[in-house]
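Participant: Work out the full structure, taking the sequences as your base and the hints as a guide.
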Amino acid sequence: MSTIVSRLAVLAVAALAVTGCQSAQEVRAADESRCLSYGFRPRTDAFAECLQRIDLDRRASLRQSSRDALYMPPPVIIVRDRRY
Numbered sequence: 000m001s002t003i004v005s006r007l008a009v010l011a012v013a014a015l016a017v018t019g020c021q022s023a024q025e026v027r028a029a030d031e032s033r034c035l036s037y038g039f040r041p042r043t044d045a046f047a048e049c050l051q052r053i054d055l056d057r058r059a060s061l062r063q064s065s066r067d068a069l070y071m072p073p074p075v076i077i078v079r080d081r082r083y
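Residue numbers (numbering that gives the first Met the number 0): 0 to 83.
Please keep in mind that the hints were generated in silico from the structure rather than gathered at the bench. Keep in mind that a hint or two might mislead.
[What the hints assert, rightly or not] Pair ranges (Cβ atoms, derived):
hint : residue 1 : residue 2 : range
1    : Thr-43    : Leu-69    : 32 to 42 Å
2    : Glu-25    : Val-78    : 46 to 56 Å
3    : Tyr-37    : Ala-59    : 14 to 24 Å
4    : Ala-23    : Thr-43    : 17 to 27 Å
5    : Leu-69    : Arg-42    : 38 to 48 Å
6    : Val-26    : Ser-65    : 12 to 22 Å
7    : Arg-27    : Ile-77    : 51 to 61 Å
8    : Ala-28    : Ile-77    : 45 to 55 Å
9    : Ala-23    : Gln-63    : 19 to 29 Å
10   : Gln-21    : Gln-51    : 13 to 23 Å
11   : Arg-82    : Ala-59    : 47 to 57 Å
Think of the CB as a built atom: it goes at the ideal place given N, C-alpha and C, for glycine as much as any other residue.
Facilitator: Take a look at the structure:
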């Protein structure tokens, strides 16, 4: 049970670290400048789709990193023959 709690604690700290770096407005501005650099014009359907794809990619990356944070490989067990 304590391993589950420790894994959730690691996930919570990682999520806070990721979200605490930039405000929502800063993230939006960075996404918009990225779409502008691709050649999309503001207030078009293509621009909105670009923003949506960036957001979906960010969410997929966050899901993957949370899966990685919760996965811990099983411990290595070494078995040796006993000699009497």
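Participant: Next, verify each hint and record whether it holds.
Facilitator: Going through the hints against the structure:
Evaluation of the 32 to 42 Å hint for Thr-43 and Leu-69 yields a pass: the beta carbon distance comes to about 39 Å. In this structure the supplied range 46 to 56 Å holds for Glu-25 paired with Val-78, their Cβ-Cβ distance being about 54 Å. At about 19 Å, the CB distance of Tyr-37 to Ala-59 agrees with the hint of 14 to 24 Å. The given range of 17 to 27 Å is respected by Ala-23 and Thr-43, whose C-beta atoms sit roughly 22 Å from each other.
The supplied range of 38 to 48 Å is met by Leu-69 and Arg-42, whose beta-carbon atoms lie about 40 Å from each other. Checking the proposed 12 to 22 Å range against Val-26 and Ser-65 shows it holds: the Cβ atoms sit about 18 Å from each other. Look at Arg-27 against Ile-77: about 52 Å separates their beta carbons, and that is inside 51 to 61 Å. Judged by the Cβ atoms, the range 45 to 55 Å given for Ala-28 and Ile-77 holds: they are separated by roughly 54 Å.
Between Ala-23 and Gln-63 the Cβ separation comes to about 22 Å, which falls inside the hinted range of 19 to 29 Å. Restraint check, Gln-21 to Gln-51: a C-beta distance of roughly 19 Å satisfies the suggested window 13 to 23 Å. Our hint of 47 to 57 Å for Arg-82 and Ala-59 holds, since their Cβ atoms are close to 53 Å apart.
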